[in-house]
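Asks: Sequence:
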Amino acid sequence: MSSKDSFLAKIRAAQPAAVEMPDIPLFATPEGDRIERFIAGLALYGGVAQRVATVDEARDAIYAKFGKDVALCSVVDAIPGTRVIGADTVPSSLHDVEVAVVPGRFGVAETGSVWLSEAEYRVNSIGYLAQHLVIVLDESSIVDGLQDAYRRDDFNHARYAVLVTGPSATADIEGVLVRGAQGVRSLTIMLVGGTH
1 MSSKDSFLAK IRAAQPAAVE MPDIPLFATP EGDRIERFIA GLALYGGVAQ
51 RVATVDEARD AIYAKFGKDV ALCSVVDAIP GTRVIGADTV PSSLHDVEVA
101 VVPGRFGVAE TGSVWLSEAE YRVNSIGYLA QHLVIVLDES SIVDGLQDAY
151 RRDDFNHARY AVLVTGPSAT ADIEGVLVRG AQGVRSLTIM LVGGTH
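In terms of the working numbering, the sequence shown has 61 at position 61, counting the first letter as 1, and numbering is strictly consecutive.
No lab work stands behind these hints, which were simulated from the structure alone. Just so you know, not all the hints are guaranteed correct.
Stated by the list, open to error - Cβ-Cβ distance ranges computed for the label pairs, FRET-style:
| id | residue 1 | residue 2 | range |
| --- | --- | --- | --- |
| 1 | E57 | L8 | 52 to 58 Å |
| 2 | K68 | P22 | 49 to 55 Å |
| 3 | F155 | Q15 | 20 to 26 Å |
| 4 | D56 | Q15 | 49 to 55 Å |
Said to hold, decoys possible - Listed below are the simulated SDA-like cross-link pairs for lysine to any residue, each with C-alpha atoms no more than 25 Å apart in a straight line:
| id | residue 1 | residue 2 |
| --- | --- | --- |
| 5 | K65 | V178 |
| 6 | K65 | V84 |
| 7 | K65 | L44 |
| 8 | K65 | H95 |
| 9 | K65 | V75 |
| 10 | K10 | E20 |
| 11 | K68 | P91 |
Glycine included, each C-beta is placed from N, C-alpha and C at the ideal position.
With the hints as constraints, model all of the structure from the sequences given.
Replies: Next up, the structure:
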């Protein structure tokens with residue numbers, strides 16, 4: 001047995017006994033409309049929500065906002081982009097994408113967050129290299145709070161997951177807030193299925 005194998009065997013043998021995960025309590029749901037709470041939470045962190053009836057309406061709104069000729073990479077089939085992205089796309093090749101459009105799995109009203117995994121991004125770096133991130137989210141998939149989100153099976157099956165709540169931001173000690181410092185400069189959520 002090599003020294004590496006011996007070392008790893010000792011680590012494996014020293015593992016603590018498995019313990020049951022604690023129950024996640026359910027807290028009282030705040031009053032008010034779930035979608036309005038989601039929109040308010042998102043706005044608090046610099047994100048923008050736009051309610052649309054259909055994905056086609058979302059597509060038209062995206063093209064109207066950014067233009068049809070912008071370097072747009074889309075993972076939403078109904079919203080074609082100017083760049084094709086596949087599982088074999090080299091992450092660094094997305095460095096010049098201006099707008100990324102991805103589907104959201106579910107939203108959280110409590111924080112205005114949207115849950116994304118490797119399935120939604122297709123290539124994880126698209127959520128950080130693009131200048132502007134647009135998430136297409138079905139309104140019916142919004143849950144009340146984080147405790148509801150953690151009860152979903154999505155967390156058990158994803159290799160990678162992130163809750164996106166707004167554009168990248170940083171602030172210095174004097175309170176100067178800079179958006180887009182380490183990632184996307186803007187976050188827009190297209191809420192599909194509602195009224196506007």
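Asks: Against each hint, give a clear statement of whether it holds in the structure.
Replies: Taking the hints in turn, this is what the structure says about them:
1. E57 to L8: 52 to 58 Å: The hint (52 to 58 Å, Cβ to Cβ) holds, given that E57 and L8 are roughly 55 Å apart.
2. K68 to P22: 49 to 55 Å: 51 Å Cβ-Cβ, so the 49 to 55 Å window holds.
3. F155 to Q15: 20 to 26 Å: holds, 23 Å
4. D56 to Q15: 49 to 55 Å: Given range 49 to 55 Å: holds, Cβ gap about 53 Å.
5. K65 to V178: holds, 22 Å
6. K65 to V84: holds, 20 Å
7. K65 to L44: holds, 22 Å
8. K65 to H95: holds, 21 Å
9. K65 to V75: Holds - the C-alpha atoms of V75 and K65 are around 18 Å apart, at most 25 Å.
10. K10 to E20: holds, 24 Å
11. K68 to P91: Holds, because 23 Å separates the two Cα atoms, which is no more than 25 Å.
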